[in-house]
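S.K.: Each chain, letter by letter, is given below.
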Amino acid sequence: MALTEQSTSDTFPEAASPTHMGLPDSAGFFGEFGGRFVGEPLIGACQELEEAFIDAWADPEFRNEFIDVLRDYGGRPSPLTECANLSDDLGLRLLLKREDLNHTGSHKINNVIGQALLAKRMGKTRLIAETGAGQHGVATATAAALLGMSCVVYMGEVDMERQSLNVFRMRLMGAEVIPAMSGSRTLKDAVNEAMRAWVGEVTDTHYCLGSVMGPHPYPWMVRTFHEIIGTEARQQVEALTGGLPDVAVACVGGGSNAAGLFAGFADDESVRLIGAEPAGGAAAGRGVPAIVHGMKSYFMQDEVGQILEAESISAGLDYPGLGPEHSHLALNKRAEYYPVTDEQVVESFQLLSRREGIIPALESAHAIAWVVQEKEQLAGKTVLINLSGRGDKDVRQVQEILDVQDGTVNGAAQ
Amino acid sequence: MTAITTVSLEAHLQERIAGGGKVLLPYVTAGITDDWVDLVEAIIDAGADAVEIGIPFSDPAMDGTTIQEASVVALDRGITPAGALDQLRGREYGVPLIAMTYYNLVYRYGHERFAADAAAAGVRATILPDLPMEQAGDWAAAGAEHGIENILLAAPVTSNERLAQVVEKTAGFVYVVSTMGTTGERSDVDDAASILARRVKAVGSKPAVVGFGISGPETAVAASKDSDGVIVASALMRKVLNGESVDQAASFVAEMRVALDKAYPPS
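Residue numbers (my numbering), protein chains in the order written: chain F, 21 to 434; chain B, 111 to 377.
Hints listed in this document are in silico derivations from the structure and should not be mistaken for laboratory results.
It cannot be assumed that every hint is accurate.
What follows is a list of derived Cβ distance ranges for each label pair [unchecked claim]:
(1) F:G143 to B:G314: 31 to 39 Å
(2) F:E68 to B:N352: 39 to 47 Å
(3) F:P99 to B:D301: 19 to 27 Å
(4) B:D144 to F:Q419: 44 to 52 Å
(5) B:A373 to F:S170: 36 to 44 Å
(6) F:P99 to B:A274: 50 to 58 Å
(7) B:E255 to F:L185: 53 to 61 Å
A short, non-exhaustive set of chain B residues, derived as facing chain F with CB atoms under 7 Å [as the list claims (entries may be wrong)]:
(8) M172
(9) T190
(10) Y213
(11) N214
(12) L215
(13) R218
(14) D240
(15) P242
(16) L263
(17) M290
(18) S377
C-beta: ideal position from N, C-alpha, C; glycine also.
Make the full structure from the sequences, and use the hints.
M.R.: Given below as structure tokens:
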């Protein structure tokens, strides 16, 4: 399996490369989005990380180790599954990139293995992370256990209740889970807590940020570690169909799985790139830039610039903004972002379970929901969905929703 | 005291420093109480050399628990950036005010409009901790049009090369971040603050004022040894959050003033 070629020079290129998803500029901007808006105490850490990442990514030994661990430990390459039943139902050719089959059950492992290996190379002994649904926290705890590092995960108190099994998983693997008690007590507050903690611990600690967001180099680095999704998927779709998909769809909270998928097809103009956002957290759709969490990007905010709280059934997408490269892709209309409602998501969660025997994460069910909604315009097309995670963690939550609705899963599913 | 709000913050601070004294800059979260503007006036009467006006933001990532709590209280009470400036307007403070907030609120307000409204309210400088030197040029230029200086931060980890640039580009003073952490009271202030203050003084003539962790007269005196003075924020806002009156909060500032003037007598 081959990764997309990156710059191997150890000086940072001045201009962005001509591709749609090329390098950010030297200040970390994708067009007008991105940058490094952090307090002075974190500037040095971001610079150190940027230099270390450029150096590591140019080192074949590091790249090989990354690939080896993802293969032998993470279970890559993840398969491509053609969904015969749902394809018939919807009148299109539906392909799933099965990131749900990775170790820890989501795409998140790609990024944490990359960052944990990098942190170790930098001489750090400790990882801290924020998590929403718990998938990134679990993945970080996993990587920390694998590499013998200590691990602290910040998680919104509300999310800890919603995802108590993932809290237990993290603790089982030796991580400490600290509730974020401020604000909405969800993902954005966990990010604030992790950034505050990082300031005080920056010498021995790496902040293992879980999405394509935050200050430069995170959005670029995290996307780069996830490009393997798109690279594999492109080869697999070509091998199966002899061509490229017409549409590539992924859910978007911060947008890491979407960034990884899109990177494989960004320069194939024939491939539509679709991000499915939760209706209660549709940052791209509302289109107002803000500067928060170290970056300039689209955020949900009030008229004076206070960041709003996102509301989604899925803790992993419960974020009021999105990564800066997605804002750039949205502004340039290379990718399109559409909201889907919680109701559509619960329906799609059941649909994929019943028709294909695959229980998707609620996050990933957003991508399915968009395809179901748009089946008429997609008739006859080859549609690739990144199934970013498995739904075991969400089963109890969906059970409760359906019990409230009408008592039986079967009844609700008809 | 005569009106001096047409003098720059830096000139105003340098005047006290030149006389051998140390500067004392208390912080008040705008909108934290009904009488927050009275509190600003009272702490000026108690000996503040300038007052930082915190305009609360929904995601104060650089702040510790006290300022977070103060921000939530003020936001819940309905304060907005325009409302804060509006409530400040129309009084004569006698010392410069400094707006401290996060960059998104200034960005959304619009550089020009914020600079004009802030200047009209008596604001002579800004502290935007998440707007680093590299990105601060546009705002600094817009602020300067209205006589507003933009204060940059220096941290213990800031490299010598970068520190020289910070000291050159900052206006008003250099905000010396005393410790690697968020804002908040501490029982002692790191040696790091003294070391950093000396580094700042070694590369330029801008005032070096220590913030983060000043809990009262004792830490204020200690942190001023190698610097030009201190900022006190969380310790003061804690008293307000605990329900202390304007007079009680002002007397805390007065104690710090007395302690600083005793340890470092102004001429």
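S.K.: Checking hints one by one. Is M290 of chain B an interface residue toward chain F, by the C-beta closer than 7 Å rule?
M.R.: Status holds, d = 5 Å.
S.K.: Would the hint on D240 of chain B stand, with a C-beta cut-off of 7 Å toward chain F?
M.R.: Holds: closest Cβ of chain F sits about 5 Å from D240 of chain B, inside 7 Å.
S.K.: At the C-beta level, are E255 of chain B and L185 of chain F separated by a distance inside 53 to 61 Å?
M.R.: With Cβ atoms ~56 Å apart, the hint holds.
S.K.: Does R218 of chain B pass the interface hint, meaning its C-beta sits closer than 7 Å to a C-beta of chain F?
M.R.: holds (3 Å)
S.K.: Taking 50 to 58 Å as the hint, is the beta-carbon distance of P99 of chain F and A274 of chain B inside that range?
M.R.: Taking Cβ atoms as reference, P99 of chain F and A274 of chain B lie about 55 Å apart, which means the hint holds.
S.K.: If I claimed the Cβ atoms of A373 of chain B and S170 of chain F lie 36 to 44 Å apart, would that claim hold in this structure?
M.R.: The hint (36 to 44 Å, Cβ to Cβ) holds, given that A373 of chain B and S170 of chain F are roughly 42 Å apart.
S.K.: Next item in the hint list is T190 of chain B. Is there a CB on chain F closer than 7 Å to its CB?
M.R.: holds (5 Å)
S.K.: Hint says 19 to 27 Å; check whether the CB-CB distance for P99 of chain F and D301 of chain B agrees.
M.R.: Roughly 57 Å apart at Cβ, these two residues miss the hinted range, so it is violated.
S.K.: Tell me if the interface restraint on L263 of chain B is satisfied: Cβ within less than 7 Å of some Cβ in chain F.
M.R.: For L263 of chain B, the interface hint holds, since the closest Cβ of chain F sits about 4 Å away, which is under 7 Å.
S.K.: Regarding the hint that S377 of chain B lies at the interface with chain F, is the smallest CB-CB distance below 7 Å?
M.R.: violated (33 Å)
S.K.: Please check whether D144 of chain B and Q419 of chain F have a Cβ separation lying inside 44 to 52 Å.
M.R.: Distance hint for D144 of chain B, Q419 of chain F holds at roughly 48 Å.
S.K.: May I ask you to test the interface hint for M172 of chain B with respect to chain F, counting a Cβ-Cβ separation under 7 Å as satisfied?
M.R.: Hint on M172 of chain B: holds, closest Cβ of chain F at ~5 Å, below 7 Å.
Checked against the numbered hints given earlier, the structure breaks hints 3, 18 and satisfies all the rest.
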